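Number of protein chains: 2
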Amino acid sequence: VLDFGLRDERILTDRLRKSAVIPDGSPVVLGIGDDCAIYRPRGSADDLLFTSDTIVEGIHFERHSHKPAELGRKALTRSLSDIAAMGGVPRFCLVALCVPGWATDSQVNRFFDGVLALAAATGTVLAGGDLSHGERLFCDVTVGGSVPRGAALRRDGARAGNELYVSGQLGGSALGFATKKGKAWKRHRAPEARLALGQFLRGTLRATSAIDLSDGLSLDLRRLCLASGLAAQIVEPPRFPGASPEQALHGGEEYELLFTVREGMKVPARFGDLPLTRVGTIVRGTAGEVLLNGVPLTTLGYDHFSRARFVP
Amino acid sequence: VLDFGLRDERILTDRLRKSAVIPDGSPVVLGIGDDCAIYRPRGSADDLLFTSDTIVEGIHFERHSHKPAELGRKALTRSLSDIAAMGGVPRFCLVALCVPGWATDSQVNRFFDGVLALAAATGTVLAGGDLSHGERLFCDVTVGGSVPRGAALRRDGARAGNELYVSGQLGGSALGFATKKGKAWKRHRAPEARLALGQFLRGTLRATSAIDLSDGLSLDLRRLCLASGLAAQIVEPPRFPGASPEQALHGGEEYELLFTVREGMKVPARFGDLPLTRVGTIVRGTAGEVLLNGVPLTTLGYDHFSRARFVP
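Note that the protein sequences, when read in sequence, are chains A and B.
If you read the first sequence in my numbering, its first letter stands for residue 60, the second for the next number, and so on.
If you read the second sequence in my numbering, its first letter stands for residue 60, the second for the next number, and so on.
The set of hints was computed from the structure by calculation and includes no laboratory data.
If you're wondering where the values come from, they're calculated on a predicted model, not measured in any experiment.
Even glycine gets a Cβ: it sits at the ideal position worked out from N, Cα and C.
Zero decoy hints are in this set.
Derived pair list, reagent style SDA-like, types lysine to any residue, alpha-carbon separation capped at 20 Å: (1) Lys-77(A) to Gln-166(B); (2) Lys-325(B) to Phe-259(B); (3) Lys-242(B) to Glu-305(B); (4) Lys-77(A) to Ser-165(B); (5) Lys-325(A) to Gly-216(A); (6) Lys-77(B) to Arg-169(A); (7) Lys-77(B) to Asn-168(A); (8) Lys-242(B) to His-123(B); (9) Lys-240(A) to Phe-120(A); (10) Lys-77(B) to Ala-176(A); (11) Lys-77(A) to Ala-176(B); (12) Lys-77(A) to Gly-182(B); (13) Lys-239(A) to Pro-127(A); (14) Lys-77(B) to Ala-179(A); (15) Lys-245(A) to Pro-127(A); (16) Lys-239(A) to Glu-121(A); (17) Lys-126(B) to Phe-236(B); (18) Lys-77(B) to Ser-165(A); (19) Lys-77(B) to Ala-128(A).
Footprint (simulated), chain A over chain B, 3 or more residues, beta carbon under 8 Å: (20) 77 to 84; (21) 98 to 106; (22) 143 to 156; (23) 177 to 185; (24) 192 to 202.
Please work from the sequences and hints to get the whole structure.
Have a look at this one:
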């Protein structure tokens, strides 16, 4: 048993969730604990979704591992993926960037080229942010999105008997990070947020819950199960060509969507080019427990806060 | 003439403002260039305000200069002050924190104690964020707030003939930073966001424009004048006890409000304990030019991005 104390993100977020009370009548419908917070504007037909994700030099990437435009794109993708997981339409972003001394003006410009190209492609207006100088590159991207009132896909909506699906093929990002080669390396450097899929899951498929695979299937599925107070039985997920079973089960930064639907719901085999694969079932049991082919699955997703494999 | 290239925040933000086009029909009413972005939710009686502000170890503070709870409080105050400047009511915040190796669990807890205490006192729900590890402390706080639809105080609303006012006494934060002593040092470490004043300016006084003094009167007044396409004539502002005229004119991190009202509007001498002082008049002239007692005032506010005194 490892003990990270507060360096275990979950202990700290649990403390913050308990401390960050939402008063009666607050327009904040959902606070800490899902991919996005939910805000209900007075009189509006929409709920708004808010998320913030950071990339830190030396933790999420190394100085020479990504081109500047890739980094900008990835920084925005991480937050867009949270909007996708809740079925939202992204509306705007705020970019807080701390520029290190090693970065040239041209690199800063190309970083924002990457942000702006993806922002334009997804209808996300760059509406503000903050610029600072520092020793290490640090970038925090906040995205605001919208969903019809009450319709956001949440982690806590899964029910016993729901069928569990995943988009895409898993393990490519971890494989690429390990090998720095080929399509897997490109996948690691240029992941995509599944925005259209998320809106399809919410609007057409009426999915009951969803989460994006940012930290690995085993950890993110555990989070979904914990939020819903249930367990899951799974088989091996579809693998990216060349990825190991462990990379597919535990590798992070996939940004595919894991979602649940009502029993018997007809899910298409593909959404555009993207395969949708049944990987299991939500069941009653110890909250958060995941059985792979009947055997308890160890949770090994990456925890960027503790910089350690996460072992609850 | 100094040339920072992109390290001059204004050159980069000007480029981003031009690139970050807001499409017709977007719910984003106002993007880059004011204290907050403005978002108009479909059908809502409110507009929403969004701002993001960062503190970076070694740039905005040194490791031993602030207690952890003070840092947490200050990180939130900076963003709340942007909400105050637009007359908004803060609703929620997202806190992205990068925790350096030197920080103990207790320090991280006390940092969030500072955030949570101020959040509770101002009705701001801590609704999410992101936690990471890193070499340097970095914290980005996004705050969302609300104002009645169309009522946000903006930088660009000043008109020729408008009277210019400032809250409080200026220079205390710069004095405290220099001396590390007494009330001025406390003022530097624990500034206040003027939320109630901002709401009073918007609702009761019908101020025509406002900005918060985060980077110094000379720089922030120049920004207000540039946004409004006008110039200003001022006298010396009220000084914090012991502060020099230069500290009062150019010192940053005051978080007082600078605002304009229609000619002849009756402005009370105090708002609660806070003095409100007439410091000048908005006039036609070269956009952004500020005359102090008839002499052009050099803009010397601190630019955290270029880490240099800002000389346009």
